[in-house]
Each structure stands twice: as C-alpha cells, then as structure tokens.
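Colleague: Chains as they are written, first to last, in this note's numbering: chain A, 1 to 404; chain R, 1 to 404.
Hints may contain errors.
Copies of the same chain look alike in the list, so a pair counts if it works inside one copy or between any two.
Derived lysine to any residue pairs resembling SDA-like cross-links, with alpha carbons at most 25 Å apart [unchecked claim]:
hint, residue 1, residue 2
1, K397, V371
2, K254, N28
3, K64, D258
4, K287, V374
5, K3, P121
6, K84, R167
7, K397, E368
8, K50, D143
9, K312, D394
10, K85, K378
11, K84, G285
12, K397, D376
13, K397, E142
14, K24, E359
15, K312, V118
What the hints contain is simulated information worked out from the structure, not anything from laboratory work.
Protein chains: 2
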Amino acid sequence: MKKYDKFLAVPGFKASGIYCGIKKNGPNKDLSIIYSEKKAVSAAVFTTNKVKAAPVIINMEHVKNDNTQAIVINSGNANACTGKKGFEDAEYMIETTAKELNLSSNEVLVASTGIIGVPMPMDKIISGVKEAAEILSYDGFEDAAKGILTTDTSTKTVSIELTIDGRPVVISGMAKGSGMIHPNMATMLGFILTNASIDKKMLNKALRDSVDNSFNMISVDGDTSTNDMVAILANGAANNKTIDSQDKNYMKFKEALDIVSLELSKMIAQDGEGATKLIEACLFGGKTKEDAKLCAKSIITSNLVKSAFFGKDANWGRILCSMGYSGGDFNPESVDISFESKRGKVQIAKDGMGLPFDEVLTKEILSEDYVKVVVDLKDGEYEAKAWGCDLTYDYVKINGDYRT
Amino acid sequence: MKKYDKFLAVPGFKASGIYCGIKKNGPNKDLSIIYSEKKAVSAAVFTTNKVKAAPVIINMEHVKNDNTQAIVINSGNANACTGKKGFEDAEYMIETTAKELNLSSNEVLVASTGIIGVPMPMDKIISGVKEAAEILSYDGFEDAAKGILTTDTSTKTVSIELTIDGRPVVISGMAKGSGMIHPNMATMLGFILTNASIDKKMLNKALRDSVDNSFNMISVDGDTSTNDMVAILANGAANNKTIDSQDKNYMKFKEALDIVSLELSKMIAQDGEGATKLIEACLFGGKTKEDAKLCAKSIITSNLVKSAFFGKDANWGRILCSMGYSGGDFNPESVDISFESKRGKVQIAKDGMGLPFDEVLTKEILSEDYVKVVVDLKDGEYEAKAWGCDLTYDYVKINGDYRT
Chain A
1 MKKYDKFLAV PGFKASGIYC GIKKNGPNKD LSIIYSEKKA VSAAVFTTNK VKAAPVIINM
61 EHVKNDNTQA IVINSGNANA CTGKKGFEDA EYMIETTAKE LNLSSNEVLV ASTGIIGVPM
121 PMDKIISGVK EAAEILSYDG FEDAAKGILT TDTSTKTVSI ELTIDGRPVV ISGMAKGSGM
181 IHPNMATMLG FILTNASIDK KMLNKALRDS VDNSFNMISV DGDTSTNDMV AILANGAANN
241 KTIDSQDKNY MKFKEALDIV SLELSKMIAQ DGEGATKLIE ACLFGGKTKE DAKLCAKSII
301 TSNLVKSAFF GKDANWGRIL CSMGYSGGDF NPESVDISFE SKRGKVQIAK DGMGLPFDEV
361 LTKEILSEDY VKVVVDLKDG EYEAKAWGCD LTYDYVKING DYRT
Chain R
1 MKKYDKFLAV PGFKASGIYC GIKKNGPNKD LSIIYSEKKA VSAAVFTTNK VKAAPVIINM
61 EHVKNDNTQA IVINSGNANA CTGKKGFEDA EYMIETTAKE LNLSSNEVLV ASTGIIGVPM
121 PMDKIISGVK EAAEILSYDG FEDAAKGILT TDTSTKTVSI ELTIDGRPVV ISGMAKGSGM
181 IHPNMATMLG FILTNASIDK KMLNKALRDS VDNSFNMISV DGDTSTNDMV AILANGAANN
241 KTIDSQDKNY MKFKEALDIV SLELSKMIAQ DGEGATKLIE ACLFGGKTKE DAKLCAKSII
301 TSNLVKSAFF GKDANWGRIL CSMGYSGGDF NPESVDISFE SKRGKVQIAK DGMGLPFDEV
361 LTKEILSEDY VKVVVDLKDG EYEAKAWGCD LTYDYVKING DYRT
C-alpha cells in the first residue's frame with residue numbers, strides 16, 4: 001500500500017477543469033467534469049443541513065441508480081436557496097452533461113459550491129459544460145481539482161496504490177473546503193475514484209464508515225453547509241473478484257479508503273479559512289466511542305480554544321471547558337492534557353488540574369503548524385480524533401466580505 | 001413601572017467593590033461584596049457545563065438555604081479546574097465573609113470569574129474580603145458592579161421601580177460577561193436585588209422563567225463557561241403581602257424582572273469581546289416555541305453570520321444556512337428575511353429566495369450598532385428572540401493572549 005500526495009490517474013477515468021466566468025476573479029477555474037468510460041458503481045453522503053442546495057437534493061436520487069458515469073461540478077455559485085429555478089438550473093447542467101457524454105441524466109451527479117442565494121449564470125455554465133466535456137482527458141485531474149475550489153489556498157488531492165486479489169488498484173481523491181466546515185457531514189466536496197470492483201452495498205458501507213471518522217471529525221467554523229457531499233465512483237476496471245462482503249479484500253480496500261478520506265479531511269482542516277495551523281485533538285480513555293468523539297469535536301470547534309492556538313497560548317482550561325459542554329460524559333477530575341508537535345511534548349494538566357510546565361518549550365510546541373492536543377479521560381478504552389484549525393484575523397477578514 | 005440605566009440602591013442592601021491585587025493590571029477592582037441587612041430569600045441558576053468551578057458547586061447547595069444575606073465575588077481568577085484546593089479556597093472565602101458579617105457559611109454565596117486552572121491568590125483575597133466587608137455602604141453598588149468585571153469594557157446595571165400591593169418596590173441588577181458567553185445558562189455572572197417580599201418557590205420560578213428568555217438567549221462565542229450564575233436576593237423590605245402564588249402581583253414582579261434580565265443580557269451581548277454591534281434575531285411564525293428559539297440562537301451563534309455582520313455584508317444565505325443546522329423544524333421555502341435598524345428596514349429574502357434590494361440602504365442599516373434580523377418562518381404563531389454580536393479581529397486578538 002503506497003500513498004502519493006497527488007491525484008494518480010485511475011484507469012478508465014477522465015477529467016477536466018476550466019474557467020467559464022462564474023468566479024468574478026478569473027481566470028481561476030470554476031467548472032470541472034469527472035467521467036468514467038465504463039459503467040461505475042457509486043455511493044455518496046450528503047449534508048445534514050435542513051436547507052439543502054438543489055444539486056444535493058437531486059443527487060440524493062441519482063446516486064440510487066445502478067450506474068454513475070459522470071460528475072459535473074461548478075464553483076463560485078452554490079445554487080442554494082435559489083428556489084424552483086435552482087432545481088431547473090441543476091437539472092439543465094445535468095442534462096447538458098449527459099447529452100455531451102451520451103449518458104442518461106440519472107447517470108450524472110452534480111455539485112455546486114460558492115455563494116448562496118444568487119441565481120446561477122446558466123449561459124456561462126452551459127457553454128462551460130460543453131467545453132469541459134470536449135477536453136476530458138486521462139491527465140485532467142489536476143485541472144478538475146482546481147475547478148472545484150472556492151476560498152481554498154491549494155488543491156487537495158491524495159492517492160493510494162494497493163493490490164486486491166492480485167490486481168493493481170488505485171484509490172484517488174480530491175476535495176475542496178475551507179469555510180463552512182463542521183462535523184456532521186456536509187462541510188465540503190470530496191470526489192473519490194477507484195478502479196476496484198466492489199458492489200454498491202459494500203461501497204456504500206465503506207464510504208459511510210470512512211466518512212464518520214474523517215470528514216465528519218473536522219471543523220473549521222462550526223457551520224454545516226447547505227451543499228456539500230462526498231461521492232465515490234468504482235468502475236471495476238481492476239478486474240478483481242468483486243468485493244461483495246466484509247472479507248479480507250474489503251478490509252484492505254477500506255483501509256486504503258480510510259487513508260484517502262483522512263488525508264483529504266486533514267488538508268481541509270489545515271487549509272481552513274485564515275488558518276495558520278492544523279490542530280489534532282486525540283482523545284483517549286473514553287467510556288464510550290461517542291463520549292470520546294463528542295469531546296474531540298468540541299475541542300476543535302471552540303472559538304476560545306481556536307483563538308488560544310492562534311496566540312500560541314497553552315490555555316488548557318478552555319480545552320477542559322469545551323469538553324464540559326460537549327455533551328460527552330467524563331469525569332473532569334481525572335482528565336490529563338498534553339500538547340505535542342515535532343518540537344516535543346509537554347503535559348500541562350493532570351487529574352483536571354494544572355501542572356507546572358516549561359512555558360518556553362510549550363510556546364515552541366504551539367508555534368508549529370501541526371499541533372496535537374492529547375487528552376486522556378482515564379475512564380475507559382475508547383478513542384477518537386478530530387481535526388480543526390486556529391481562529392485568526394484572516395478568518396474574520398475573509399468572511400467579513402465574501403459576498404461583496 | 002420605570003426603568004433606570006443604573007443600579008438604584010435597594011432598601012436594606014449594601015455593597016462594596018475594591019482592588020485587592022488579583023488582576024495583574026491594577027488598579028481595576030477585583031473583589032465585591034453584596035450584603036443584605038435583613039434575612040433574604042434567594043434563587044439562582046447555574047452553568048450547565050459538566051466542568052463546574054468550585055464556587056458553582058458550593059452555591060448549588062447554599063442557595064437551598066432559607067436565608068441568603070451575602071454574595072462575595074472576585075474577578076481575575078475563576079477558581080475552576082483547581083481541584084480539592086479550589087474547594088477549600090472557595091470555602092475559606094465564604095467563611096471569612098460570614099465571619100466578618102456575623103453570618104453562617106450557608107447564608108453566603110460565592111462567585112469567581114477569570115482565568116481557569118490557576119490557584120487562587122488566597123492571601124490577597126482574604127485581606128480583600130476583610131477590607132470590602134468593612135466599607136460596605138448603601139451606595140457601594142457602582143463599585144461592586146466594577147469589581148465583577150473581566151474583559152468587559154463597561155459596567156452593566158439596570159433598575160426598575162414599580163409598586164406592588166401599594167408598596168414601592170425596586171429590582172436592580174448588575175452583570176458581567178464578555179467572552180465565553182453562550183445560551184444554556186452559564187455564560188456570565190448576574191446579581192439581582194429586590195426589596196419585594198416573595199417566597200422562595202415563586203422567586204425560583206420567576207428567575208428560571210426570566211432567564212430562559214434572556215440570559216439563555218444570548219451568545220458571544222458559543223462557549224458555555226464553567227463558572228457562571230445568575231442569583232437574585234429578595235429581602236422583603238417593601239413589606240408588600242408576600243407573593244406566594246401566580247397572582248397579579250407575581251405577574252407584575254415577573255414583568256419587571258424580565259426587563260432587568262433582558263436589559264442585562266443585551267448589554268452583555270453588546271459588550272461581547274471585540275464586538276462592534278449588537279445583533280438581535282427576531283424569529284416569527286415558528287411551528288413551536290422551541291423551533292423559533294433554536295433558529296434564533298443558531299443565527300446569532302454562527303461564525304459566518306457574525307463575520308458577515310462585521311463586514312456589513314447582507315449575506316442572508318448564511319442566515320438561512322445557520323437555521324438549517326439548528327435542529328429547529330421549518331420549511332426553507334417559506335422563509336422571509338429582513339434587516340432593520342434605526343436607518344430603516346429592507347427585505348432581502350422571500351420564500352427562501354433572494355429579492356433584489358437596495359445595496360446602499362442595506363449597508364447603511366448594517367452599519368448601525370444595533371441591527372435586527374427579522375425572520376418570518378410563516379409556519380405557525382410562535383416567536384423567539386436572541387441576541388449576539390459580530391465576530392471581529394479584536395475577538396481573536398483578545399482571546400489569542402488572554403492567559404499570557
């Protein structure tokens with residue numbers, strides 16, 4: 001099993017990404033298509049927000065289809081809160097894509113991300129879809145990864161090579177997401193492609209379980225978006241014996257998928273709007289998995305904790321406080337807390353109380369761009385991890401005038 | 001019924017506020033005592049955080065006592081996450097106060113606010129308690145209101161004069177709170193005094209109901225603190241017929257108490273750390289009270305909404321989005337949204353979709369320091385209001401280095 005920090009082409013898939021004029025500040029790419037030459041099995045998870053964008057609602061139906069061969073994505077406009085016209089626009093995007101690629105409409109998924117509540121510039125989008133369909137290629141994935149970005153500062157891609165049943169398999173993923181990121185699915189766009197052969201039921205299970213411990217455990221700002229989704233397409237080109245049960249091939253596939261999901265999630269948290277560092281909350285000793293998860297999520301969601309990290313301030317009291325209102329059960333008087341980065345590790349609280357600690361070393365540890373908060377609840381054997389980023393002047397700046 | 005924007009002395013009560021050296025940056029006052037010459041009935045509500053500071057846990061017992069004649073409060077140190085020693089310190093504060101005032105320990109409440117996880121400087125506090133007890137006076141309330149502040153930029157006081165049963169009654173309140181403010185009780189310190197005669201059961205009911213629609217409907221940063229409480233003392237000096245049922249005198253008392261609670265709550269939201277404006281979310285047309293409350297709270301808690309207000313950006317999509325993940329039930333396609341301030345009112349969304357609106361006027365409306373978001377769910381007859389503030393560079397700055 002080998003990991004690459006880029007999007008390896010997956011046999012049988014093509015992609016493209018272009019600028020069609022949706023984003024004000026061109027020439028940033030704003031429209032992408034992902035295409036499978038063969039029939040492909042799909043699975044997807046969607047935002048839990050009650051206010052769902054038109055593309056999300058349509059995809060929830062289309063993903064039930066036995067075959068999914070294309071995903072068309074635009075950035076710059078979320079097509080959310082756009083009413084009946086928004087649905088018509090999303091359908092029109094799908095129909096145009098389907099027509100260009102000789103597919104049925106229900107073989108196409110659609111995703112939009114960007115500003116909410118503004119009608120889609122359909123002229124630009126339709127000519128963009130035609131152009132993007134025309135230039136699909138085996139090495140268009142880097143362009144596609146660019147076309148889905150909004151306030152992201154970089155593309156987010158990762159790939160795993162492995163063998164299943166003696167056959168070479170690739171799982172490659174791209175994601176976008178920088179603001180409006182919060183646990184509970186939603187949160188961003190993620191597209192994962194594989195040539196593995198796996199049936200729809202197992203692909204669904206693998207994706208859901210994987211997302212629970214990765215995309216659902218990150219937060220940038222506590223806001224669960226209207227639009228977001230993670231979708232996976234498996235075209236079976238590897239010709240391995242189709243995975244149809246939780247056998248050892250499934251476990252191998254799932255292990256690789258977990259790495260892809262986790263790496264993409266961490267990239268999203270790290271690239272949180274205005275962020276200067278990635279924060280990893282590692283919870284140990286939970287009485288239940290749920291308790292550990294609630295505590296971990298609450299730490300990386302707290303504005304006070306996030307501001308303290310920006311200030312390199314070892315304010316462990318805020319960490320304990322954020323766990324206290326998380327809804328997770330634990331005994332405040334048995335909690336140990338440490339900070340850790342490549343500069344070292346320092347324990348700052350034991351049994352719920354502060355310890356004397358080396359202020360200079362701790363400041364150094366907190367100055368790194370990847371810092372872990374290690375919390376031991378000493379209350380059981382369950383663990384959980386969550387990822388977030390610091391809260392900075394730039395977050396406020398970026399979000400103070402995103403629309404205008 | 002007459003409202004004053006200051007703390008009117010309440011017959012039979014004395015107070016004081018001094019600087020005893022807890023705060024690094026003297027000479028800001030950091031220790032206050034409130035004292036009732038007569039026996040007084042008390043009620044209080046406390047933080048729901050699982051991590052409760054020692055004073056909170058002790059008060060939860062002491063408030064059950066039939067008589068409460070003093071409250072001793074320090075700022076600068078929260079006495080939270082301080083273990084067994086923290087309890088001993090809180091008990092020692094209480095015992096010293098009781099001794100100075102010839103009271104029993106269980107007739108005294110104690111409150112602390114400030115940094116978490118640092119041992120209390122007990123030498124300073126004990127000599128401070130003695131000094132503050134010595135200078136108690138009928139006009140010491142302004143000093144007491146200063147002694148409970150932390151990052152607040154001003155004292156928060158309000159009073160109501162009314163008559164009950166033909167007798168002149170005063171209800172006066174002081175509060176502190178600027179960060180770590182979030183719905184769910186907790187959130188701050190509030191002390192309310194009255195000379196009304198009311199029994200413990202009705203005082204409890206009045207306070208709880210009042211807090212639910214005021215202190216529990218504000219948010220600065222979503223962080224529910226370890227320490228906070230709202231307490232009320234009623235010494236009966238007005239000699240009205242003791243209120244012991246929900247009769248018209250109770251309703252009158254409750255109405256006045258509601259104004260005190262609400263005014264203090266709005267002052268806290270307005271003085272939120274780094275805030276430049278008070279945001280009021282007015283929800284109408286909810287199917288249930290709970291749906292309206294959840295939506296209102298979610299709007300004023302969302303970092304994205306709060307950043308948009310800082311930027312005077314009419315980003316109504318974020319408002320709808322934040323309602324969507326609130327847990328409240330509503331139909332996204334029937335939501336109307338307007339902005340309102342003393343500059344005027346403009347509707348920006350109808351039936352879940354954007355309307356064309358006057359950008360210049362809207363910017364003017366959003367530039368005021370008190371802005372209302374008026375949301376009509378058109379789904380029923382329940383309403384709710386919640387108050388918050390914008391998220392600014394200064395919030396991040398203040399919380400990036402509070403401890404150090």
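Colleague: If a hint holds in the structure, say so; if it does not, say that too.
Modeller: Here is how each hint holds up against the structure:
no.: 1; hint: K397 to V371; verdict: both (24 Å within a copy, 20 Å between copies)
no.: 2; hint: K254 to N28; verdict: neither (34 Å within a copy, 59 Å between copies)
no.: 3; hint: K64 to D258; verdict: within (23 Å within a copy, 53 Å between copies)
no.: 4; hint: K287 to V374; verdict: within (16 Å within a copy, 43 Å between copies)
no.: 5; hint: K3 to P121; verdict: neither (39 Å within a copy, 54 Å between copies)
no.: 6; hint: K84 to R167; verdict: neither (47 Å within a copy, 62 Å between copies)
no.: 7; hint: K397 to E368; verdict: both (23 Å within a copy, 19 Å between copies)
no.: 8; hint: K50 to D143; verdict: neither (32 Å within a copy, 48 Å between copies)
no.: 9; hint: K312 to D394; verdict: both (16 Å within a copy, 16 Å between copies)
no.: 10; hint: K85 to K378; verdict: between (54 Å within a copy, 21 Å between copies)
no.: 11; hint: K84 to G285; verdict: between (50 Å within a copy, 23 Å between copies)
no.: 12; hint: K397 to D376; verdict: neither (36 Å within a copy, 30 Å between copies)
no.: 13; hint: K397 to E142; verdict: neither (29 Å within a copy, 37 Å between copies)
no.: 14; hint: K24 to E359; verdict: between (46 Å within a copy, 18 Å between copies)
no.: 15; hint: K312 to V118; verdict: between (39 Å within a copy, 18 Å between copies)
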